[in-house]
Amino acid sequence: MARQRVKFTFPQELITLPIIHELGKSFNLVTNIRRADVTEDRGWVILELDGELAEIERCLEWVAAKGVRVDPVQGDIIEG
Amino acid sequence: MSYAKALRCRECGREYPLDPIHVCEFCFGPLEVDYDREAQRKAISREKIEAGPPSIWRYRDLLPCDAEQAVDLSVGLTPLMHARNLGEALGLPHLYVKNDCMNPTWSFKDRVVAVASTKALEFGFDTLACASTGNLANSVAAHAARAGMKAYVFVPSDLESGKLLGSAIYGATLVAVDGTYDDVNRLCAELADKYKWAFVNINVRPYYSEGSKTLAYEVAEQLGWRAPDHCVIPMASGSLLTKIWKGLDELSKLWLLDSVQTKISGAQAAGCAPIVNAWQAGTLNIRPVKPQTIAKSLAIGNPADGYYALRVMQDTGGSAVASSDEEVVEGIKLLAESEGIFAETAGGVVIAGLKRLVESGRVTPDELVVAFITGAGLKTQEAVAGKIREAVHVTPTVASFEQAIDARGEVLEGGS
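For the record, the sequence lines run as chains A and B. Everything in the first sequence is counted per the working numbering, starting at 4 for the first residue and increasing by one. Everything in the second sequence is counted per the working numbering, starting at 845 for the first residue and increasing by one.
Mixed in with the good hints, there may be bad ones.
Said to hold, decoys possible - DSS-like, lysine-lysine: derived pairs with alpha carbons at most 30 Å apart:
id, chain 1, residue 1, chain 2, residue 2
1, B, K849, B, K1134
2, A, K69, B, K1134
3, B, K1231, B, K1134
4, A, K69, B, K1038
Quick caveat, the hints were computed from the structure, so don't treat them as lab data.
Please model the entire structure based on the sequences and the hints provided.
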């Protein structure tokens, strides 16, 4: 089993879609939302995903393919 | 000894012991070092600081590590210059430049890495690591060499050659990653989870970022223990800006400064300006961008401290400003030609941003302004190559020289 902490950033056109609900139905993963800020034109959600590593990877590809930006929780790792 | 007493979550306020951790287990918010202010107040005085070593370690009582064991390359206490010529060009008679090109690896990153590497040794790590677009990698490699630690530095494979060489020379394992910026980011996030290394800007980030406060301490001390009216600071992750503010605020809380009314303004390059974009949209919500600018040391598309930088600028009455790559090059040239300081692209971003702030009335002539120049130009020569005047080629005769100067349209003065 693996656990990954990620940040999803939603563009305006995806704000109203139940993507995290679909994620829970389509993948064998436990989602645990820890912090979020969603307004009418943008939003981000920080959550933990629990499950098999391969399943987490498949899930993140699926989320990114929907147009959601997926990042590590701490923002960019690279610095100048 | 250090007066650090705990790590505290910036979001929910939960406390944690002083361990190599950076994220709150409860809300995933960032952790920050908390100090015993009462004990600090009793221990610190202006006189004690002034009697300290000529480096950041004179502020040891304000840092989260044991200075007796410091990894010491004599970082800091860089010049604060009254920039009369640049000030005249911009209409700012009280303009100062903090020249952090004068650090051991020629950028302000030496301040944060000095603290991070010292703390990493305290924690018992034997390996330093980072993901970087150059300056941080150079500094991590140098400090690891000084400390006798192993170092792995990860950089995008298309980086400027000067910055690659500036890391490899210290014996670090330089890993040039083929892939997009996001690929490098993801790889390093995974490695930081897998290996027990001190990734300076990940698991020891709360300590690392405290090193930036020393820029504020030095400026206040060099101005004769007063705070500037306005600071103009380059923004990548936004951490530097928040820490310069924190440094000034701490000096005030410790009664080392009478009052702090400093406006804090931040500058980015337009090709990577997620913080400025949010500022202009009037929101605290950062929308990540894909960086496309010559200012690679500021090219952070998803800035970890962007939200906090916005709050500081808002709370202090400062502003956020973005400049085009052409303006950045002009800024580098203006600083070099007026003050004799050759800055890297981040310095060009600051000078170009300062110019815009003056033109729009957001920085005014009556203010004592400090522009923070955070890295040296020799590292990013590519940015200005082909945009400065070519050499005059002559044969070794007086006639050839005079003819060439004449052809260039210049008049020779002082001859007999």
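Here's how the hints hold up against the structure:
no.: 1; hint: B/K849 - B/K1134; in the structure: 39 Å, violated
no.: 2; hint: A/K69 - B/K1134; in the structure: 18 Å, holds
no.: 3; hint: B/K1231 - B/K1134; in the structure: 26 Å, holds
no.: 4; hint: A/K69 - B/K1038; in the structure: 29 Å, holds
Consistency with the previously given hints fails for number 1 only.
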